[in-house]
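Construct all of the structure, not just a fragment, from the sequences and the given hints.
Single-letter residue listing:
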Amino acid sequence: MVSFNELKKNLKKSYNGFPVVRVAVLGDTSTQLLAKALRGAAFDYKLDLEVWEADFDQIENQVYDRESELYAYKPDVVILFYSTHKLLVKYNKLLPQEQSQLAEKHNSTVTAVVEQLGRVTAAKIIYYNHNEIDDRVFGSFSSKTNASFIFQLRKLNYQLMLFASERPGFFVCDLSTIQNLYGKAVFFQPQIYVNSEMVLSIDILPQVAMMTLDMISAFYGKINKCLILDLDNTVWGGVIGDDGIGNIQIGYLGIGKAFTEFQQWVKKLKYRGIIICVCSKNTEATAKEPFIHHPDMVLRLDDISVFVANWDNKVNNIRYIQQVLNIGFDSMVFLDDNPFERTIVRENIPGITVPELPEDPALYLEFLYAQNLFETISFSREDEERTQQYKLNAERSLLKQKFDREDDYLKSLEMYSLAEPFNRFNSPRVVQLSQRSNQFNLRTIRYSESDIDRILSLNGYQSFSFTLDDKFGSNGLICVVVLKGENETTVFIESWFMSCRVLKRTMEKFVLNTIVKYAKEKGYQFLKGEYIATPKNELVKDHYQQLGFTESKGKWLLDLKRFKACTTFVKAAPGSFYS
Amino acid sequence: MGREDLLKQINSIFIEVLDNPDIVLTEGTNADDVEEWDSLNHIQLVVEVEKTFSLRFTALEIQSWNTVGEMIDSILAKKQ
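Line by line, the protein sequences give chains A and B.
My numbering applies: residue 2 is where the first sequence begins, and numbers increase by one.
My numbering applies: residue 74 is where the second sequence begins, and numbers increase by one.
All the given hints hold, so there is nothing to weed out.
No farther apart than 25 Å at their CA atoms in a straight line, the calculated lysine-lysine pairs in the BS3-like style are these:
(1) B:81 - A:9
(2) B:124 - A:10
(3) A:185 - B:124
To give a feel for the contact side, a few chain B residues facing chain A, derived at Cβ under 8 Å:
(4) 90
(5) 112
(6) 113
(7) 116
(8) 135
(9) 136
Keep in mind the hints are simulated off the structure, nothing from the lab.
Ideal Cβ placement from N, Cα and C applies to all residues, glycine included.
Okay, structure coming up:
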């Protein structure tokens with residue numbers, strides 16, 4: 002476990018060049034050390050996290066006063082930390098007939114605070130949920146008694162999840178899970194609490210800070226998208242090449258159980274939209290055999306997007322996987338039981354996450370649970386289909402080899418796109434694409450669901466989302482453009498991002514034709530674009546130039562009068578917007 | 074373990090936690106003598122001392138110390 006002292010040492014390092022994130026912490030207990038832990042942990046996430054703390058126990062005063070320091074600070078993220086201890090103190094003062102109202106009452110306090118925050122600031126809100134304290138006043142009968150504190154507390158945590166699932170921009174940081182993982186004796190030190198009003202122990206502060214930072218960096222697009230698996234002693238017990246298919250350990254007996262349950266975990270990640278790949282030192286046919294023939298295997302070949310088994314080194318093989326998937330190394334996780342392979346991969350592939358798996362496979366899962374490797378801030382149905390889409394891409398590249406001319410290939414794909422403004426059906430995917438797109442992203446603005454609501458409600462904004470289907474199947478929603486009228490003659494491209502799955506398909510030209518048509522109909526004369534460089538979007542550096550824009554004062558202009566529609570092999574689907 | 078050894082170990086804990094290599098403690102040193110020794114850092118010092126000597130102080134002990142010497146008294150009392 003990372004110690005508080007280690008985080009504190011980070012505070013002296015240089016945060017120069019990291020993106021600045023302004024965080025406001027509102028708590029009803031002492032949060033000074035939490036603030037230090039947050040900033041200290043942020044160094045490891047490469048974020049320049051500025052933390053402002055409200056005075057002790059001033060949550061509602063800060064929120065309801067529009068002139069408060071909170072709003073003057075202009076936070077990007079607001080952390081609400083109502084401690085379970087203070088809630089218990091509140092409960093202790095209730096009359097018996099009021100006790101069963103605690104959760105409802107606190108829930109309406111939180112709802113009102115969140116509503117008010119939303120009226121004044123666009124900041125995302127992280128709510129620290131409630132670590133459990135059971136006063137045992139009702140013994141185990143508390144589960145049958147809605148006036149008991151633990152009954153109310155669990156109800157409250159449940160209600161917070163319901164509220165979070167409906168409220169864009171409101172996220173729950175699960176302190177209760179942290180206490181479950183590390184135990185109450187580690188989480189809370191009563192002697193320290195008595196002396197300092199601190200409800201988080203020094204030892205647990207780094208864990209709370211890291212879980213918070215996992216969420217904040219996901220807000221800013223840092224998420225893991227792909228899991229690469231070694232096979233022997235990682236996915237099954239034993240060595241397939243030596244032991245043979247009949248002798249590898251998997252199934253419901255002994256250590257086999259550990260591998261089966263590990264595979265079930267991987268399968269759930271696949272359903273959630275994580276791309277699963279294999280990278281194994283094996284003969285390909287031997288490595289694939291259990292996936293095809295072993296009755297106890299949970300993972301099958303269909304679950305694997307890219308399967309690499311050969312005798313080349315793993316660094317080259319992971320580089321190959323990266324080329325096929327076209328996603329950043331920093332969104333990949335590599336699991337291997339062999340410390341030697343882990344070290345080589347970690348040292349040669351910057352950015353990739355390589356957890357130090359415990360030696361005993363029985364411990365794999367508990368270890369992985371504690372790592373929180375797959376944070377996300379959105380989930381949509383398309384996630385479940387991602388494996389399929391990457392497989393289709395592999396088929397497309399086979400077809401491509403048959404054509405000499407690129408144009409003939411593109412024509413043969415029979416591509417159709419549906420352009421639509423944002424609506425409640427496509428907005429979860431729009432949010433997700435905005436979080437995930439790093440390479441084809443001109444200005445790298447990340448949108449949350451509340452930002453989408455804002456765009457839809459403000460005058461002068463026009464949103465576009467684009468799908469792309471072809472004869473192999475649907476790629477789903479793959480491109481987003483947000484336009485903002487700058488003045489009577491010029492409309493500015495506030496955002497343009499696209500999934501790299503559909504590069505080189507003339508999709509961007511279809512998009513340009515569509516938005517030009519919109520701009521002309523609205524009477525604009527110029528379309529204005531901007532490229533803001535990030536470490537990852539070099540790909541689109543010349544995007545506007547290639548589309549015929551001319552440079553002007555660091556921005557790019559397109560004269561609509563002189564614009565001729567671009568050649569594209571993408572056709573408008575029936576019902577498409579501005580086609 | 075003698076008082077002098079304890080003082081040395083506590084001194085290095087102070088240097089580490091307060092991040093100041095120039096700290097030299099005596100048994101008579103109190104919070105006013107060390108600039109960084111405020112109530113927040115006090116909590117961290119307590120936790121670090123507890124870990125180093127594998128013991129837990131009571132809430133009362135934590136608030137009662139006025140000097141490093143009294144901290145050493147508490148440690149010795151627990152180690153007997």
